[in-house]
Amino acid sequence: MIPIKYNLRSLMARKIGSLMTIFGTGMVVWASIFAFGLYGGLEKTFNTSVSPLDVLILRQGSTSETASAVTEAAAREIMTFPGIATDDQGNVLAAPELVVISYISKRDGSGNANITVRGVLPNSRLLRDNFKIVAGDDFRPGVREAIVSRALSDRFQGLRIGEEFIVQDKPFKVVGYFESGGGTSESEVWTDQRVLAQVANRTGATSSVQLRAVSKDAQQQLIDRITADEQVALKAVTEEQYYSDLAEQSFFIKMIGQIIAFFLTLGAMFAVANTMYGAIASRAREIGTLRALGFGRFSILAAFLLESLVLCVLGALLGCAGALLLGEIRTGTMGGSFTEVVFSFNFGPDVLFKGALLAVVMGLIGGFAPALRAVRMKVVDALREV
Amino acid sequence: MSDNHAESIVALLNVSKGFMRDKLEIPVLTNTTLHIPKGDFVAVMGPSGSGKSTLLNLCAGLDRPTTGKVIVNGQDLGELSEARLSKWRSENLGFIFQMYNLMPVLSAQENVELPLMLTPLSRAERRKHAEASLRIVGLSDRADHYPRQLSGGQEQRVAIARALANDPVLLLADEPTGNLDATSAQEVLDLLESLNEQFGVTIIMVTHDPKAARRAKRLLHLEKGSFVQADIEALETSLRGVAR
Ligand SMILES: Nc1ncnc2c1ncn2[C@@H]1O[C@H](COP(=O)(O)OP(=O)(O)OP(=O)(O)O)[C@@H](O)[C@H]1O
Ligand SMILES: [Mg+2]
Numbered sequence: 001m002i003p004i005k006y007n008l009r010s011l012m013a014r015k016i017g018s019l020m021t022i023f024g025t026g027m028v029v030w031a032s033i034f035a036f037g038l039y040g041g042l043e044k045t046f047n048t049s050v051s052p053l054d055v056l057i058l059r060q061g062s063t064s065e066t067a068s069a070v071t072e073a074a075a076r077e078i079m080t081f082p083g084i085a086t087d088d089q090g091n092v093l094a095a096p097e098l099v100v101i102s103y104i105s106k107r108d109g110s111g112n113a114n115i116t117v118r119g120v121l122p123n124s125r126l127l128r129d130n131f132k133i134v135a136g137d138d139f140r141p142g143v144r145e146a147i148v149s150r151a152l153s154d155r156f157q158g159l160r161i162g163e164e165f166i167v168q169d170k171p172f173k174v175v176g177y178f179e180s181g182g183g184t185s186e187s188e189v190w191t192d193q194r195v196l197a198q199v200a201n202r203t204g205a206t207s208s209v210q211l212r213a214v215s216k217d218a219q220q221q222l223i224d225r226i227t228a229d230e231q232v233a234l235k236a237v238t239e240e241q242y243y244s245d246l247a248e249q250s251f252f253i254k255m256i257g258q259i260i261a262f263f264l265t266l267g268a269m270f271a272v273a274n275t276m277y278g279a280i281a282s283r284a285r286e287i288g289t290l291r292a293l294g295f296g297r298f299s300i301l302a303a304f305l306l307e308s309l310v311l312c313v314l315g316a317l318l319g320c321a322g323a324l325l326l327g328e329i330r331t332g333t334m335g336g337s338f339t340e341v342v343f344s345f346n347f348g349p350d351v352l353f354k355g356a357l358l359a360v361v362m363g364l365i366g367g368f369a370p371a372l373r374a375v376r377m378k379v380v381d382a383l384r385e386v
Numbered sequence: 001m002s003d004n005h006a007e008s009i010v011a012l013l014n015v016s017k018g019f020m021r022d023k024l025e026i027p028v029l030t031n032t033t034l035h036i037p038k039g040d041f042v043a044v045m046g047p048s049g050s051g052k053s054t055l056l057n058l059c060a061g062l063d064r065p066t067t068g069k070v071i072v073n074g075q076d077l078g079e080l081s082e083a084r085l086s087k088w089r090s091e092n093l094g095f096i097f098q099m100y101n102l103m104p105v106l107s108a109q110e111n112v113e114l115p116l117m118l119t120p121l122s123r124a125e126r127r128k129h130a131e132a133s134l135r136i137v138g139l140s141d142r143a144d145h146y147p148r149q150l151s152g153g154q155e156q157r158v159a160i161a162r163a164l165a166n167d168p169v170l171l172l173a174d175e176p177t178g179n180l181d182a183t184s185a186q187e188v189l190d191l192l193e194s195l196n197e198q199f200g201v202t203i204i205m206v207t208h209d210p211k212a213a214r215r216a217k218r219l220l221h222l223e224k225g226s227f228v229q230a231d232i233e234a235l236e237t238s239l240r241g242v243a244r
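Listed in order, the protein sequences are those of chains S and A.
Under this note's numbering, the first residue of the first sequence is numbered 1, with each subsequent residue one higher.
Under this note's numbering, the first residue of the second sequence is numbered 1, with each subsequent residue one higher.
The following block holds chain S by itself, in its conformation from the complex:
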């Protein structure tokens, strides 16, 4: 076998070309890790904590709560409809909810993001199966207090217990953290609905009505009834539907990401191939000499594949290091409604592994044609090269 140092040193002898290829593949791996990580995150967020009997009522034409309004009168009427579930104490499992967006700075100084501030009624909690206060207290009605998803508190300024954040120029005090089983409310701030409506000048209408039906049949009847009423101009969708619509929008983003990653990868393969073609062309005489010394075709193939593989693996290391350097395991991205949705941005070993695997594939495919050329070179011709 041709000693590895021959290939490693040949790579070092072409410092610029090698470095550029390493950086190129590194960036592709980095971007791909992002695409893969985002993929995992989206799936996870939108697949948890959806209650199959829940219905979300929005204004007709809205795809998200932020762009929706349901009048108080309509909301009150809907809550009297038959088919809505109640709990043991006879509370109706339905609640109008008000969503206001607040622009809040990230703790690490990397900018601001739109955070969903949700004005809730006591019943709202009943609609989130796994809702619980995990630290501090619940907010008191009638005052500017709020509870914050634990996932958000560390990432944004003013969202830790005892701190204050601003909604429409008015400060709200954080008094507790909640969890709700990894659903989208994990990226929200909750406060008293009436207080929020006043502060945001949104009295008279809420953003949505959430409710839980007693059965699948009742759910369909409720949806039909609300949708049929043309006067109120509302639409009702199952919570599942709502999130799958959101996920579909996100899927689009994800697709674009993947397509870009795919073409980047393809481009990187050509870059690797180009580098290796150049290397092999300029080393024809060396290759001929190796053959004359008795190295077989397979040795030559292996040596040059190894060379392109080294380039790509170094690139992969660089890309993985870059991804990890991004530091946070949980990173925000735009949700369907341009509010911050916290994704479990997974730079886990599996995603890093995928990135590295991609690099290996890149190296093998990109390096194969050039290596094959080296192998197929006629020794006598190669030796005549200057």
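These are calculated hints, taken from the structure and not from any lab test.
Mixed in with the good hints, there may be bad ones.
To be verified - Simulated DEER-style distance windows between Cβ atoms:
| id | chain 1 | residue 1 | chain 2 | residue 2 | range |
| --- | --- | --- | --- | --- | --- |
| 1 | S | 260 | A | 26 | 47 to 57 Å |
| 2 | A | 199 | S | 369 | 41 to 51 Å |
| 3 | S | 385 | A | 26 | 19 to 29 Å |
| 4 | S | 1 | A | 67 | 33 to 43 Å |
| 5 | S | 263 | A | 128 | 15 to 25 Å |
Said to hold, decoys possible - Simulated crosslink set (DSS-like; lysine-lysine; CA at most 27 Å straight-line):
| id | chain 1 | residue 1 | chain 2 | residue 2 |
| --- | --- | --- | --- | --- |
| 6 | S | 216 | S | 235 |
| 7 | S | 132 | S | 173 |
| 8 | S | 378 | A | 23 |
| 9 | S | 378 | A | 128 |
| 10 | A | 38 | A | 211 |
| 11 | A | 128 | S | 5 |
| 12 | S | 378 | A | 224 |
| 13 | S | 5 | S | 378 |
| 14 | A | 69 | S | 378 |
| 15 | S | 106 | S | 5 |
| 16 | S | 5 | S | 15 |
| 17 | A | 87 | S | 5 |
Idealized CB from N, CA, C, for every residue including glycine.
Chain A with the ligands: place on chain S using the hints.
Just chain A with the ligands now, kept in the frame of chain S:
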């Protein structure tokens, strides 16, 4: 014809070789028979394009004849597959090129060890062999130098050390002094001569330089596709004639 056959290290039997160019075959060697006995030191001369390098390539199995047989060290090269030929080359041949053809990224020592990578020798044994080879060519002190740090003559001596490393029965040298100044050329020729005399290595050396040819035991002239046994004395006379 068969007597000296057995002792021949190289035997070309009715070998023809041509190259296709624009669908026309250009003959280089025509129906040539040649025997080179063990321990010989043959110089091959001839005009440019006469087929000297082609002859060496055929002897090394780097190229195959159009017709005829090439038998080296008792092995009919035509019977070997590509892969077996590679292995055979690594065990039987040493190659010396006009442009030295050292690997620029490997040190002298590493270059000499390169063909030993194909043997079952251990790392330590490879080292020892390479050191011995470098000692023979007088470059022990340059073991760690890279080709670019060596003079042309030194590079060629490293290349000779590389060719010697695997104890070849046959050394093929294609214009080994073609790129060297007179002094370096002398050193290289001294070396080849002593390898032939002391170690009994058979050498076929292609050269354009009559002074180099004179160092060989025998001179072959390649002209119009076949060999003529040339007379070194005559060559010398003609050289003196030129000098006058
Ligand atoms: N691989 C090849 N393909 C086509 N033609 C070739 C090939 N190798 C050699 N030839 C032709 O065969 C002839 C002999 O070539 P060769 O290299 O053996 O000559 P040479 O005697 O070594 O010449 P020089 O003294 O210039 O090195 C030339 O006409 C050359 O063009
Ligand atoms: Mg030649």
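Given the hint of 15 to 25 Å, check if residue 263 (chain S) and residue 128 (chain A) actually sit that far apart at their C-beta atoms.
-> violated (54 Å)
CA of residue 87 (chain A) to CA of residue 5 (chain S), is that 27 Å or under?
-> holds (22 Å)
Holds or violated: residue 128 (chain A) with residue 5 (chain S), Cα cutoff 27 Å?
-> Holds - the C-alpha atoms of residue 5 (chain S) and residue 128 (chain A) are around 19 Å apart, at most 27 Å.
Are the Cα positions of residue 216 (chain S) and residue 235 (chain S) separated by 27 Å at most?
-> With Cα atoms ~17 Å apart, residue 216 (chain S) and residue 235 (chain S) stay inside 27 Å; holds.
Is the hinted pair residue 378 (chain S) and residue 128 (chain A) satisfied, with a Cα-Cα distance of at most 27 Å?
-> violated (33 Å)
Are the Cα atoms of residue 378 (chain S) and residue 224 (chain A) separated by 27 Å or less?
-> Holds - the C-alpha atoms of residue 224 (chain A) and residue 378 (chain S) are around 25 Å apart, at most 27 Å.
Within a Cα-Cα threshold of 27 Å, do residue 132 (chain S) and residue 173 (chain S) meet the stated pairing?
-> holds (19 Å)
Given pair status - residue 23 (chain A), residue 378 (chain S), alpha carbons within 27 Å = holds (19 Å)
Distance restraint between residue 106 (chain S) and residue 5 (chain S), which requires alpha-carbon spacing of 27 Å or less = Violated - the C-alpha atoms of residue 5 (chain S) and residue 106 (chain S) are around 48 Å apart, more than 27 Å.
Could you see if the CB distance from residue 1 (chain S) to residue 67 (chain A) stays within 33 to 43 Å?
-> holds (36 Å)
Look at the Cβ atoms of residue 260 (chain S) and residue 26 (chain A) and judge whether their distance stays inside 47 to 57 Å.
-> holds (54 Å)
Would you mind confirming whether the straight-line C-alpha gap from residue 5 (chain S) to residue 15 (chain S) stays at or under 27 Å?
-> OK: residue 5 (chain S) and residue 15 (chain S) at ~15 Å, within 27 Å.
Consistency note: the structure conflicts with the earlier hints numbered 5, 9 and 15.
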